[in-house]
Amino acid sequence: MEDITKLSLHQTRDALNKKQFSCKELIASHVKEMESSRPLNLFITETMDHAIKSAEISDNNIKIKKQRNLEGLPFGIKDMFCTKNIKTTASSKMLSNFVPSYESTVTKNLWNDGAILLGKLNNDEFAMGSSNETSFFGPTKNPWKSNGSKNYIVPGGSSGGSAAAVAANVGVASIGTDTGGSIRQPASFTGTVGFKPTYGRCSRWGIIAFASSLDQAGTITKNVKDSAIILNSICSYDPKDSTSSNKLIPDFEKSLERSVKGKKVGVPKEFYQEGISEEILNLWDNGKKWLKESGAEIVDISLPHIKYALPCYYIIAPAEASSNLARYDGVKFTHRVEADNINDMYELTRSDGFGEEVKRRIMVGTYVLSSGYYDAYYLKAQKVRALITEDFKNVFKDIDAILTPSTPTSAFEFGEKMDDPLSMYLNDVFTVPVNLAGLPAMSVPVGLDKNMLPLGLQLIGKSFDEETILSFASVIEKAANFKHSPKEWWKNE
Amino acid sequence: MSIDKNLIRKIAKLSRISVSEDDVKDLSEELSKILEWIEQLSQVDTNEVEPIFSSFEEGAELKKRKDEVADGGYRENIIANAPKTKEGFFIVPKIVD
Chain A
1 MEDITKLSLH QTRDALNKKQ FSCKELIASH VKEMESSRPL NLFITETMDH
51 AIKSAEISDN NIKIKKQRNL EGLPFGIKDM FCTKNIKTTA SSKMLSNFVP
101 SYESTVTKNL WNDGAILLGK LNNDEFAMGS SNETSFFGPT KNPWKSNGSK
151 NYIVPGGSSG GSAAAVAANV GVASIGTDTG GSIRQPASFT GTVGFKPTYG
201 RCSRWGIIAF ASSLDQAGTI TKNVKDSAII LNSICSYDPK DSTSSNKLIP
251 DFEKSLERSV KGKKVGVPKE FYQEGISEEI LNLWDNGKKW LKESGAEIVD
301 ISLPHIKYAL PCYYIIAPAE ASSNLARYDG VKFTHRVEAD NINDMYELTR
351 SDGFGEEVKR RIMVGTYVLS SGYYDAYYLK AQKVRALITE DFKNVFKDID
401 AILTPSTPTS AFEFGEKMDD PLSMYLNDVF TVPVNLAGLP AMSVPVGLDK
451 NMLPLGLQLI GKSFDEETIL SFASVIEKAA NFKHSPKEWW KNE
Chain B
1001 MSIDKNLIRK IAKLSRISVS EDDVKDLSEE LSKILEWIEQ LSQVDTNEVE
1051 PIFSSFEEGA ELKKRKDEVA DGGYRENIIA NAPKTKEGFF IVPKIVD
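From first to last, the protein sequence lines are chains A and B.
For the first sequence, position 54 matches number 54 in my numbering, and the numbering has no gaps at all.
For the second sequence, position 97 matches number 1097 in my numbering, and the numbering has no gaps at all.
Next comes chain B alone, as it looks inside the complex (with noise of 0.2 Å):
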């Protein structure tokens, strides 16, 4: 599989990450090889396959905590690394005109 130019200028968007026309070279050519790479895995037959998505111990189910509030009253600590705050809130570049 080769990514061209367009490809990671989109993968880059979807990314939300700003690349400048320099990099999207050398992504282009270090993306491909890999890609290529990982294609050895279509070599492995897996049509009567289940995939699994975690190596969580077989036939444990996840736990789950009951529905109800256990902790909170943090909104100072939860704010206290953001770059920018005002009155408790987050602040980010005007969304809506």
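Chain A with its partners taken away, still in its complex shape (with noise of 0.2 Å):
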């Protein structure tokens, strides 16, 4: 059978189930695609031989019908997620050489339920930029590119790796982490479905800490069904992760029957911004009519602190990135530049260790949270926090969900935006007050622009109600029906 990795993932484990082809056969195409895909940069480390061993287990497991929910997937797993004896990076120079001696409760979930590893994915340095730019391994390329240009342009970040093998047909889905949109935005720039459930949904144990009040794991995939499917592996109480939340998890796939006559979306006024193209604003608009056709309600909404939000993040995520990433010390994780003294032997290595947009945000952190500025910075930018939740929470009392889109601009190429990190962080501003508010979100391609660059329609839902947004984005796929590829140009490079 040709082609068998375009196929979804629950198209594969149907195919699979059937018996169409063998676990064997589906890796040994993953593998070829992998292979053929790396002018794209996908992966900073493949586990081929790991996973062609693993589908003989999964072939058996098959054979005597003993299946589990993701058995002989193959998935790839953003750099940030700790697996045991495999090297996890963080696309860091100070992690290059770092081999975990656990597993994460995310990816151990995954392989418990039968999923197969690929390999660990590119992303910006410890999931640090919006465009995959910031990576010691270089970027991962975007498999889109702009209708009559040859110029390669970004996948978005940091899940940018997770965001383009899925678009390239490397593995049937993946896994990333979202700390303001880094799982949306890659997935608007891509063509394919992100989705971040709420805050303490999945453990973060495990995973490399960014900013732990605002990380969280979520999925890649190429519909919203196989979204589905992997939240009810990924999500689970995890005793290691005190904001693991132990609330009752639903079976997120029988959600997405669900009907969505009667309930109320919410379009946000805030959100028409200057600078938005009206590319945006149509599908925007298309977005609310296939609501509407379906027996949804849309309501103007009003989040009148969400203007701030962006400001908000850009001092809490910092702060909290200091304090975590002061354990690379040159001392525990491998990466030491060697000195008479242990001060500069810290600041030689971290200097070294750590790239541009790493440093400059450990710093901000650091002035932020500073004795004198505390206060001013830090306090503030929580309060503020407290009045954009509460903005949600308002609104929630009379919709059952948000429509939005998920980025102001189609993907952009290499260097736009890196002289100026404003202006990059500037691509994040309808994802970010989401995670502020640890809410749930998912992004859903919906269409191209004039360039024939994908975009995406963003869905915000009520904390633990991942099911009425899931059903949302079914009506809106199927609507959309967005059936476009990329080229695939790099198997000619």
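A hint or two may mislead.
Stated by the list, open to error - DSS-like mimics (lysine-lysine), calculated; alpha carbons at most 27 Å apart, straight line:
hint: 1; chain 1: A; residue 1: 417; chain 2: B; residue 2: 1005
hint: 2; chain 1: B; residue 1: 1086; chain 2: A; residue 2: 93
hint: 3; chain 1: A; residue 1: 417; chain 2: A; residue 2: 487
hint: 4; chain 1: B; residue 1: 1010; chain 2: A; residue 2: 93
hint: 5; chain 1: A; residue 1: 63; chain 2: A; residue 2: 53
hint: 6; chain 1: B; residue 1: 1066; chain 2: A; residue 2: 93
hint: 7; chain 1: A; residue 1: 93; chain 2: A; residue 2: 264
hint: 8; chain 1: A; residue 1: 307; chain 2: A; residue 2: 264
hint: 9; chain 1: B; residue 1: 1010; chain 2: A; residue 2: 247
Note that these hints are calculated values from the structure, not bench results.
Starting from two chains that each stand alone, build the complex the way the hints lay out.
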């Protein structure tokens, strides 16, 4: 059977169960795609041998009808998840030789349900970036290109490798992390579906920490149903993460069939911003129309403090990062620059091991937490965060979900925003508020812009109500009928 | 808020990051720009607002484990990634004279 890598996760699962091909054949096909996609720079570490070996176990389980939820399905994992005895770098020089002796809870859940690791995917260094350009190992390239242009464009970030792999049919799905939009923005840039569950749904144990009050694991997939299937496996209560929730985990797959009739969808007026393109506004209007046609009601809403979400985030996230990254001091984690005294050793190690953006954020974080500035910056930001969270709570008294664009623009070219950190930060304007409030949200591809690059719409749900946004996302997915895929130029490079 | 070169040197010290004199100039410009942009938060009236430090589910308490040994004995694993070790210890430059 040709082109089995083009199948989605649930199509692949059905075909495996019907024995249309074996898991061994499936993995062999994906390994072939991995090899031919090397010009995209998707992987930092490839684990092909492990995948080929695991396929045998899965074939046997299918044979004896003992298949698990994700039996035999190949996944790429963002290199922010610790994988036992497999190098985990956070795309940083600082961890370029780090081999964890333990497995993150999210990936452990995947392997327990039969999923197979293809390799560790590229991302922005320590998940800090929106274009993949801060990776120590060089950026992943977006499989998409502007119409008629030869130039490479960014896959978004920080889960750029995860999104690009799914768009290039390498693995049936990927796992990423989302601290300020790091799953949803690259999903929007690559024509894939990105899902960030509620803060606390997935354990953070074994995820290399960036900003602990915002970090959350999630999925990048070819369609909405696939993300529901994976959520059933990765969400779990974990005593090893004190912010992991023990709320009941529903069968997410079932929520796809729910009707949206009579449900209310809010459209925040503050998201109509300067600089947002006509095309995105049109797609947003289409989204509203599709939901209306399915019986949902569209309601105008206001989130008055939302315009402060981005500056608020750029205090909180760097503050938490400066604390989390203090552990990389040349003593415990692989990288060290030798010096005569310990302070020089610390300073030279950190100067050499961290990239520009990471250092910038550590310094901003150190400054806003420093004596004399703590109240003016850090405490102020946490108060604004409370107001933003309150804004969401108020509107969710009357509505079931919120519909917005995922990003203000489509994917941009390499170098376009690297010289100006602020312009890069502004790319996350629609995704960041969700993390500050800990809400679930997803990006669904809905169309192409004039340059033939994909664009997505974002659905935001109430806390722990992933089911409602999955049902809305299903409606939008069906109506948008997004069937585009990138030309496979990387196979000729 | 403008971050002058001296302040950059101080922040770098607190961050335990060595910066060259060339970097000091660039960082001073970049951080000033970022912090000027962040200043807009001062427009928000937060006098009556209680800060929140986590978006963890409302009303739920952080789950604590019992204060007892549940796991351990991984000395080799813990030092496995260290750049320098000896007889099960981390080795660092001399700290006390």
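Which numbered hints turn out to be false for this structure? Hint check: 6, 7 and 9 fail, others pass.
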